[in-house]
Amino acid sequence: MATPALDITNLHAWYGESHILHGINLRVQPGQVVTLLGRNGAGRTTTLRAIMGLTGARKGSIKVHGEETIGLSTHRIAQLGIGYCPEERGIFASLTTEENLRLPPLLKSRRGKVMSESEIYAMFPNLAERRASPGTRLSGGEQQMLAVARILRTGADILLLDEISEGLAPVIVQALARMIRELKKQGFTIIMVEQNFRFAAPLADHFIVIEHGEVVLSFPAADLPAHQAQMDELLSV
Amino acid sequence: MTELFGIPLPALLGQLLLGLVNGSFYAMLSLGLAVIFGMLNIINFAHGALYMMGAFFAWMGLEYLGLNYWVMLGLAPIAVGLVGIVIERTMLQWLYKLDHLYGLLLTFGITLVIEGVFRSFYGVSGQPYQVPEQLTGATNLGFMILPNYRAWVVVASLIVCFAVWALIEKTSLGAKLRAGTENPKLVQAFGINVPRMVTLTYAGGVALAAFAGVLAAPILQVSALMGSNLIIVVFAVVVIGGMGSILGSILTGLGLGIVEGLTKVFYPEASNTVVFVVMAIVLLVRPAGLFGKEK
Amino acid sequence: MPSSPRATLLGYAALFIGIGLLPLLGAYPVFVMKVLCYALFACAFNLLVGFTGLLSFGHAAFLGTAGYVTGHALKVWALPTPVGLLLGMGAAAAVGLVFGLLAIRRSGIYFSMITLALAQMLYFFFLQAPFTGGEDGLQSVPRGSFLGLNLENDLTLFYVVLGLFVAAFWLIYRIVHSPFGQVLTSIRENEARATSLGYDTAHFKLLAFVLSAALAGLAGSTKTLVLGFATLTDAIWTTSGLVILMTLVGGMGTLLGPMVGALVIIALENKIGDFGTALADLTDVAWFNGLGESVSLVTGLIFIVCVLAFRRGLVGEAMALWEKLQARGRSPGSQASA
Amino acid sequence: MSDFILETQDLTKEFKGFTAVDAVNLRVQRGHIHALLGPNGAGKTTCFNLLTKFLTPTRGRIVFAGHDITRETSAQIARRGVIRSFQISAVFPHLTVLENVRIGLQRFTGTSFHFWRGLTGLKTLDAKVLALLELVDLRDMAHLKAADLPYGRKRALEIATTMAMEPQLMLLDEPTQGMGHEDVDRVTALIKRVAEGRTVLMVEHNMKVVASIADRITVLARGAVLAEGDYATVSKHPAVLEAYMGTEATELQGAH
Amino acid sequence: QISGDVIKIGFLTDMSSVYADIDGAGGVEAIKMAIADLKGVAAGKKVELIFADHQNKADVASAKAREWIDTQGLDLLIGGTNSGANLAMATVAAEKKKPFISIGAGSSALTNANCTPYTIHYAYDTVALANGTGGAVTKAGGKNWYFLTADYAFGQALQADTTAVVQKNGGTVKGSVKHPLNASDFSSFLLQAQGSGAQILGLANAGGDTINAIKAAGEFGITKSMKLAGLLMFINDVHSLGLKTTEGMYLTDSWYWNQSPEARAWSRRFFEKMKRMPSSLQAADYSAVTHYLKAVEAIKTDDADKVMAQMKATPINDFYTKGTIRKEDGRGIHDMFLMQVKSVKESTEPWDYYKVVAKIPGEEAFTKLADSKCPLVKK
Ligand SMILES: Nc1ncnc2c1ncn2[C@@H]1O[C@H](COP(=O)(O)OP(=O)(O)OP(=O)(O)O)[C@@H](O)[C@H]1O
Ligand SMILES: Nc1ncnc2c1ncn2[C@@H]1O[C@H](COP(=O)(O)OP(=O)(O)OP(=O)(O)O)[C@@H](O)[C@H]1O
Ligand SMILES: [Mg+2]
Ligand SMILES: [Mg+2]
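Protein chains in written order, with the working numbering: chain A, 10 to 246; chain B, 44 to 338; chain C, 11 to 348; chain D, 12 to 267; chain E, 36 to 414.
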C-alpha cells in the first residue's frame with residue numbers, strides 16, 4: 010500500500026489551557042476526499058489547525074507523505090505540500106485581491122498541479138473582475154473563492170478546506186462542488202470540514218465524525234446508508 | 044519685501060527647507076521604528092544607538108579601510124543590518140510571547156551596551172568626518188544659500204523613504220510583510236518562513252537607521268551619544284503619528300521637522316520641546332495619534 | 011500559601027530594626043540614607059508597574075521636581091524642613107496628575123513612550139529655569155531641623171529618614187493591601203474584566219499614578235535633604251531607566267524587590283570601580299581596571315541578562331524557588347493535577 | 012415598564028468597511044434566558060462588546076431598563092447591572108478564588124478608592140462570597156489561586172463573580188466552551204439556577220445546552236438577525252438550518 | 036606629622052561620559068605622573084592615589100567624597116570636570132575641612148558665591164574665558180559680535196560676561212540667538228546669525244553643541260563672512276572637528292601643549308602613555324598635585340589648614356603656569372592665552388593646532404576681588 014498522504018495517530022491539542030483534541034486517529038490516502046463532520050465546537054477546525062501546527066501545544070504523531078511533522082514549524086509543514094484554507098478565510102485587508110492571490114509562494118515540493126493565474130481566473134471570473142480592490146472589500150462569497158483559489162496555484166497536493174461552503178449562495182456552492190470534483194480528478198488529496206452535509210455528501214470518499222475532540226465514527230462513503238441512524242443521532246441538534 | 048509674522052518670506056522659506064532636512068531624519072528613523080513595530084511588536088529603543096553605529100561605521104570605513112562616503116553609504120547599513128540579525132536571533136526572538144514592555148527594556152539595555160562599547164573605544168568627543176567632495180559648497184537658491192550636502196540629505200532620504208513605502212505597498216515582498224503584520228500564523232501556514240521574515244525586517248529597519256546615521260555623519264558630531272537624545276524625540280514623533288501606516292510615519296516625521304524649524308525662528312528656546320507639546324495636544328484630541336488605528 | 015501576615019509583618023519589623031542598627035555597626039549613614047532614598051523611589055515606581063502593570067519611563071520627573079521644590083523651599087524661602095518635604099511631594103503629585111491625565115489614555119508601550127517624552131520636556135524646563143541652577147545644580151541646601159531635632163547631624167538625620175522610609179513603606183504596604191489595591195491588582199490581571207464589573211479603570215490607574223508620583227517625590231525631597239543639593243541628574247531620563255533597572259533586578263511586583271534592587275544598583279554605581287580593580291587584581295586581566303569607566307555598559311548588560319533570564323528579579327526568583335520547595339515539601343499526591 | 016429589559020434599535024458596527032453587526036434589533040424579555048446563536052464570525056461577540064460598550068456602535072441605540080445607555084461607558088453600564096462574561100475565560104489569575112469574587116462585591120461598599128484602609132473591612136464580605144462559591148461548588152477551593160483551577164472551574168468562578176454583582180442582566184459568552192461533558196452539564200444547571208429572577212443573554216454553540224435552557228433564541232448570520240423564536244421554531248427555520256445548524260436527517264436522506 | 040602615615044589623594048572626575056576625553060583617564064594618568072615624578076613620597080611618607088568616575092552625577096561625587104574622607108583618611112580631594120559635581124564636592128570638603136582643588140569645573144561660583152576656605156579653583160573659569168576671548172578678540176579688531184547661546188544658566192552667564200567685556204573694549208553686540216541644549220541641528224540658528232552682519236560669532240555653548248555648530252557653520256559658508264570664537268573649547272574639540280572645519284577660530288585656554296619647551300617635553304611623556312596630547316586640564320591636574328605635594332614636603336604636615344595656607348603662600352612655577360593662588364577666595368591666578376586655530380597648511384605635525392595670539396595676564400582674566408561675592412572676601 011502506498012504511503013498515506015496524511016497519517017495522524019493519537020493527536021492531542023490544546024488552546025492555552027483548554028484541552029481540545031483527545032487523541033484523534035485519521036489516515037488519508039493520496040487522492041482521497043475525506044469529510045470531517047461534527048457539531049459546532051466538536052474540534053474539526055482544531056484538527057485542521059493542529060495539522061498545520063497552529064494550535065497551542067500538540068502531542069501525538071502527524072505524518073505527511075510519511076514524514077513526521079509534529080516537531081516542525083508551520084511553514085515547514087506547509088512546504089511539504091499542504092494548502093490550508095481557514096474557516097475565517099483569512100483574507101488580508103491590506104492586500105488587494107491579486108496580492109492576496111499571489112501571496113502564498115510556490116512550494117518546493119510541487120506534488121500537486123500548479124494552476125496558473127489565468128486558469129484560476131477562468132474558474133472564478135468574479136475575482137478577475139475585482140483583482141485590484143482590497144481583499145476585504147469582496148463579498149463573503151468572493152472572499153471564500155479567493156481563499157480557495159489562493160492555495161491552488163502553490164502546487165500543494167493536500168488541501169485542508171474548512172467550511173468553504175459556509176455562507177455562500179447555492180450557485181456558488183454548486184460551483185465549489187464542481188471545483189472539488191475537478192480537483193479530485195486532478196489527484197488532489199482533500200480534507201474538508203463541513204456543516205453542509207448536502208454539499209459534502211456526494212463529494213466525499215470517506216466520512217469521519219468528530220465529537221468532543223475524538224473520532225467517534227469513520228466509514229467509507231459506500232457505507233453511508235448503514236450508518237445513517239448513528240449519523241442522525243450524532244449530528245442532529 | 045513680503046513678510047509673515049515679521050519674518051521676511053524668503054527667510055521663512057529657507058527655514059522651512061531646513062526644517063525639512065531634520066524632518067527627513069525623523070522620517071527615516073520613525074519609518075524604521077514603524078516597520079519593526081509592525082512585524083515584531085517591539086519598540087526598538089536601540090534605534091538611536093544603531094543610527095549612531097551607522098555614522099560610526101562610515102567614519103571607521105574611512106579611517107581604517109579608506110572607503111569613502113559613497114561606499115559606506117551602502118556598506119554601513121548592511122553591516123548594521125547584520126548586527127540587527129544577531130540581535131534579533133540571539134535576544135529579541137525570545138520575547139515575542141511576552142509583554143511588549145520586555146522588548147522595550149531589552150532594547151534599552153542593548154542601547155546602553157552599544158553606546159558603552161563605542162564610548163570606551165572612541166571616547167565621547169566625536170570623530171571628524173567631512174562632507175564628501177562632490178557635495179561640498181552651497182547653492183544660492185535666491186532666498187537662501189543651501190549647502191549642497193543638505194539638499195542631498197533631503198533628496199536621499201525622500202528617495203529612501205518612498206522606496207521603502209513602495210517596497211512595502213507595491214511589491215510582493217511588501218505584500219508578504221503586510222500580510223505578516225495582519226496574521227503571521229496564516230502567512231506561515233502558506234509556507235512562508237515568517238520567523239526569517241521577521242529577522243530580515245528587523246535588519247531592514249535598523250539598516251534604515253544606519254543609513255540615516257551615515258547621512259548625518261558629515262553634518263553632526265559623530266560620537267557615541269549622538270543617538271541617545273534623538274531617539275526620544277523620534278519616540279514622540281511616533282506617538283504623534285500613531286504607527287498607523289508607513290506613509291503616516293513618513294509624513295509625520297517630515298511635518299514635525301518643519302514645525303520644529305518654524306519654532307527655531309519664532310521661539311528658538313522651545314525648539315526641542317515643541318515636539319513634546321505637539322504630542323500632548325495630539326494626545327488630547329486624538330489619543331491614537333494622527334494616523335493611528337483605534338483599538 | 012506564603013507565610014501569615016503576622017509573620018510577614020514581624021519580618022519587616024526585623025528588617026527595619028536591622029537597617030536602624032547599621033550605622034551603629036559601622037555602616038556609613040549617608041550611604042545608607044542614599045540607598046534608602048533610591049529604595050523608596052524604586053518602591054514608588056514599583057507601586058505603579060508592579061501593581062498596575064503601567065511601565066512609566068518618566069519617573070525621574072517626579073524625583074527631580076520634588077528635589078528642586080524642596081531645595082528651593084528650604085534654601086531660598088527658608089521654610090521649615092517638614093513643610094519643604096510636603097511641598098516637594100505635593101509638587102510631584104501635581105506633575106503626576108498632569109502626566110497621568112495625558113498618559114493614561116494609552117496603555118502598554120505607548121504609555122512608556124509618552125511618560126518618557128513628557129519627562130524629557132520637564133527636564134528641558136529644569137535645564138532652562140533659573141531656580142534650578144542649570145548644570146551647577148541647586149547647591150548647599152540646609153537640612154534644618156525636624157520636630158526640634160537638628161538634622162545637620164548625620165545620625166539624627168539618618169533616623170528621621172529611616173522613619174520617613176518606614177512610614178512610606180507602610181503606606182505602600184497599605185495601598186497594596188487595601189480595597190483600592192485589590193482593584194488595582196484586578197486591573198493589572200485583567201483590565202477588561204475589571205471594567206465589566208463596573209470599575210472605571212482609568213480613574214483607578216490615575217490615582218495609582220498620582221500616589222506613585224507623590225511617593226517618588228518624597229524620595230526626591232528626602233534625597234535633597236540628605237545630600238544637600240538637587241541636580242539635573244535627578245530629572246534626566248537615564249534616571250528613569252535606572253529605577254526601572256532597580257525594580258527589574260529586585261523583582262517587579264514584590265514589596266521587597268525594589269529595595270534589594272536599589273541597594274544592588276547604588277552599590278554598583280558607587281563601587282564598580284573598586285570592584286573592577288579587585289577583579290583585575292584577582293584575574294590579572296587589565297581590562298577590568300576600566301570597568302569603573304563603563305558603568306552604563308555594565309548596566310546595559312544587567313538589563314539584558316535580567317530581561318532574558320531573570321524576569322522575576324532577585325526577590326521574585328527567590329520567592330519562586332521557595333514556593334517550589336514548599337510545594338515539593340507537601341505530599342505529592344495531595345493535589346490531583348488537572 | 013416594558014417587558015423588555017434590553018432593546019437595541021438598528022445596532023450596527025462597521026470595521027473599516029466591513030459590517031460585523033448589521034442593524035440588529037434585539038429584544039430581550041425580562042426573566043428570560045435568551046440565547047444568541049450564529050455561525051462563527053456572525054457577530055455575536057461583537058454584539059456583546061457593543062452592548063457593554065467595549066466597542067462603540069457605528070449606529071443605533073441601546074436601551075436598558077428604559078434608559079438609553081448608548082452613550083455610557085463600560086463601567087457605567089456595568090454599574091447599571093449589566094454584567095458580562097468573556098469568551099476566553101476571564102478571571103484574575105493571581106488572586107485567590109475568594110478574592111476574585113470579593114472584587115466584585117467590594118464595589119458596593121464604596122471603599123474602592125480607599126487606599127489607606129486595610130483589608131479587614133472587606134473580610135465582612137467573605138461570608139457572602141463563600142455562600143456564592145457554595146452555589147458553584149467552589150467553596151473548597153476558596154483559597155486556591157484562580158490560575159490553579161482546572162478550566163471548567165474557572166468558568167464557574169467567572170459565573171460566581173458575575174453573580175456577585177447581582178446583575179439584572181447577565182451576558183454570558185460561550186460559558187461552556189472548552190469544557191468536558193461533566194462540566195458542561197454542571198454549568199448548564201448552574202446557569203439555569205442563577206437565572207432565576209434575572210435575565211440572561213448568552214452566546215452558546217452547544218445545542219444541547221441551548222435546547223435545554225433557552226427560553227428564546229435569536230440567530231445571527233453575517234451580522235444580521237436571521238431568525239428569532241423559541242427553540243422549536245428556530246430549529247426548524249429553513250434559513251437557520253441552511254446557515255447554522257447544517258443538514259438535518261431529512262436532508263441527509265434527500266441527498267441520496 | 037602626616038595623618039594615617041600616608042598621603043592620600045582622591046580624584047573624582049567624569050570618566051565615562053561627555054567630559055571623559057578632556058580629563059577622565061588622562062587626568063588620572065597625569066596625576067600618577069606627578070606623584071611618580073616626586074618618587075611617590077612627600078614629607079617622607081608614601082603618596083597614594085584613589086580615583087573614581089562620578090558619572091557626572093553630583094550625588095555620586097559627594098557620596099564618594101564623603102566616603103573617602105570618612106573611611107579612607109583622604110588628605111586631598113581633586114575635582115575633575117562638571118561644575119555641579121564640583122560644587123557638591125566643595126561642600127563636602129568644607130564640611131569635613133579637607134583641601135579641595137577643582138580643576139575642570141567652569142563655574143566661577145566655586146570661588147565666588149559658593150567659596151569656602153578649603154576650595155582652590157585651579158585652572159580656569161567661565162569669567163576668565165569670557166575675558167580672554169571677548170577682550171583679546173575685540174582688541175584685535177573683532178568689534179561686532181553675535182552670540183549663539185545655549186539656553187541655560189551656563190550659556191547665559193558666558194554670554195553676559197563676554198558681552199560686558201566686548202562692550203568695555205569698545206565693541207558692540209548685534210544680537211544673539213538662544214538654542215536649547217543638545218540641539219544637534221544648528222543650521223537654522225546660524226542662518227539667523229548670518230543675517231545679523233556681525234564679524235564675530237561667539238559660541239556661548241560647550242561640547243557637542245559647539246562641535247555641531249562649528250560643523251554647520253563651515254557647511255553653510257558662514258566662516259567666510261564671520262570669524263568664530265569658541266568661548267569654551269578644548270583641544271579635543273578641535274581634534275574631533277579637524278583643522279579643515281576649525282581653521283581661523285579663536286578660543287581661550289590656560290595652556291597649550293606646544294607653548295613652551297617644558298610643556299612640550301612633558302606632553303611627549305604624556306603622549307607615550309595616552310596616545311593623545313594632553314588637554315589643559317590634564318596638565319593642570321599634574322601641576323595641582325605637584326603644588327600640593329610640594330607644600331606638604333615644605334611644612335612636613337598634611338594638616339588641612341596649614342597646607343592650604345602654604346599652597347596659597349607659595350607661587351606656582353612649572354611647565355603649566357606661573358601664578359599664585361589668591362589667599363582670600365582660593366582662585367588660581369595665572370595667565371590665560373587667546374589661541375587661533377592653525378590652517379591645515381600651517382600645522383606641521385599631529386596635534387599641532389594652535390598659535391598663541393595674545394596673552395591675558397591673570398589679574399585681568401579672573402574675577403577681581405572687588406567684584407567678588409565670596410563671603411570670605413572682606414571689603
Ligand atoms: N483560540 C481558542 N481558544 C480557546 N478555545 C478555542 C479556541 N478556538 C476554538 N476553541 C474551542 O475549541 C473547541 C473546538 O473548536 P473548533 O473550532 O475546532 O470547533 P468546530 O468543530 O470547528 O466547530 P465550528 O467551526 O462549527 O465552531 C470549541 O469548544 C471552541 O470553543
Ligand atoms: N476589532 C475588530 N476589527 C475588525 N474586525 C473584527 C473585530 N472584531 C471582530 N471582527 C470581525 O467581526 C466578525 C464578527 O466577530 P465576532 O467575534 O463577533 O463573531 P462571533 O459571532 O462571536 O464568532 P465566534 O462564534 O467565532 O465567537 C468577524 O468576522 C470578526 O473577524
Ligand atoms: Mg470550525
Ligand atoms: Mg464569539
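Any given hint could be a false lead.
[Claimed, not checked] Restricting the straight-line Cα-Cα distance to at most 30 Å, the calculated cross-link-like pairs of lysine-lysine (DSSO-like) are:
no., chain 1, residue 1, chain 2, residue 2
1, B, K140, D, K156
2, D, K203, D, K219
3, B, K213, A, K72
4, B, K213, D, K27
5, A, K117, B, K213
Read the hints as simulated data drawn from the structure, not as lab findings. Fair warning: this is a prediction, and the values are worked out from it, not measured in the lab.
### Message
Next pair to validate is K140(B) with K156(D); report whether the Cα-Cα distance is within 30 Å.
### Response
holds (23 Å)
### Query
Between K117(A) and K213(B), does the CA-CA distance stay at or below 30 Å?
Holds - the C-alpha atoms of K213(B) and K117(A) are around 25 Å apart, at most 30 Å.
### Query
Given the hint that K213(B) pairs with K72(A), does the C-alpha gap stay at or below 30 Å?
Not satisfied, since the Cα-Cα distance of roughly 38 Å exceeds 30 Å.
### Task
Mind checking the alpha carbons of K213(B) and K27(D) for me, to see if they're no more than 30 Å apart?
holds (21 Å)
### Task
Please work out if K203(D) and K219(D) have their alpha carbons no farther apart than 30 Å.
holds (13 Å)
The earlier numbered hint that this structure contradicts is number 3, and it is the only one.
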